[in-house]
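Engineer: Those protein sequences? They're chains A and B, same order as listed. Residues in the first sequence are numbered from 7 upward in steps of one, following my numbering. Residues in the second sequence are numbered from -19 upward in steps of one, following my numbering.
For the record, the hints were derived by calculation from the structure and aren't laboratory data. The model shown is predicted, which means the values in this text are computed figures rather than measured ones. We put the CB at the ideal spot given by N, CA and C, even for glycine. Heads up, a few of these hints could be off.
To give a feel for the contact side, a few chain A residues facing chain B, derived at Cβ under 8 Å [claimed, not checked]:
id, residue
1, Glu41
2, Phe72
3, Ala73
4, Phe76
5, Ser79
6, Pro89
7, Glu96
8, Asp97
9, Arg100
10, Asp104
11, Val107
12, Ser125
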Amino acid sequence: MSDQPFHPGPGQPPQQGQYPQAQYPQPGQARPVLEVQVSTTFGIEGHRVVRQLGTCFGLVVRSVGFAKGFTGSFRALKAGEVPQYTQVLEDARRHAMDRMVQNCQVLGGNAVIGMRFDSSEIGGQGLTEIVAYGTAVHVQPLA
Amino acid sequence: MGIALLVVAALVVLFLITWTVRRHGEAQLPAADWQRTDEVFIDPTTNRRMRVWIDPQDGSRRYVPEG
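The whole structure should be built from the sequences, with the hints applied where relevant.
Structural biologist: Following this line, the structure appears as structure tokens:
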């Protein structure tokens, strides 16, 4: 993510009017005010840390569910990806990151640096714990 | 025999109820006041390109498919 003017990037770009009621960033427009930048490094490129606000984390425990656990257990007999579990873990990581971002906002930060994921299994019954953690900071663009 | 059928029926109902899972934070289209970010990724289960939008009401992250 950068402060450069918005470009759709690779792949099929959205067409004007595809989201008729949504906002389209104009070239040179600043990023959303409430966006919390998340980085695995210990800094945000083009920005400086002006305040360090403490650690923040987001934790979620998800179950694969009865139906997908049942079908997933059969799919696991075959070598390769088990999509049912991939979906659960994908959602769990999104959820954990969202909660971490929310806690960063509660601290008054606009960025999380040094972000990491950690995971574990609980109870041996298909319950997965995902935690996203990092350091909440307030950053300002470099002049 | 009746109890066995009842158990099977209950399992079938439970299966159908738990089969459809609402994905976390997803929406098919962004709301009018959502703000678009540069954060994009590929959903590994659907291979859809997803973009993160911000809901200014509470600063929460929303995931909207593109293309």
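Engineer: For each hint, tell me whether it holds in the structure or not.
Structural biologist: These are the hints, each one checked on the structure:
1. Glu41: holds, 5 Å
2. Phe72: At 4 Å from the nearest chain B Cβ, Phe72(A) passes the 8 Å test, so the hint holds.
3. Ala73: Holds - the Cβ of Ala73(A) comes within 8 Å of chain B, reaching about 4 Å at its closest.
4. Phe76: Hint on Phe76(A): holds, closest Cβ of chain B at ~7 Å, below 8 Å.
5. Ser79: It is violated, given that the least Cβ distance between Ser79(A) and chain B is near 13 Å, above 8 Å.
6. Pro89: Holds - the Cβ of Pro89(A) comes within 8 Å of chain B, reaching about 6 Å at its closest.
7. Glu96: With Cβ-Cβ at 6 Å, under 8 Å, it holds.
8. Asp97: Holds: closest Cβ of chain B sits about 4 Å from Asp97(A), inside 8 Å.
9. Arg100: Check passed: Cβ of Arg100(A) comes within 5 Å of chain B, closer than 8 Å.
10. Asp104: Given a least distance of 5 Å, the restraint on Asp104(A) holds.
11. Val107: At about 6 Å, which falls below the 8 Å cut-off, the nearest Cβ of chain B leaves the hint on Val107(A) intact, so it holds.
12. Ser125: violated, 16 Å
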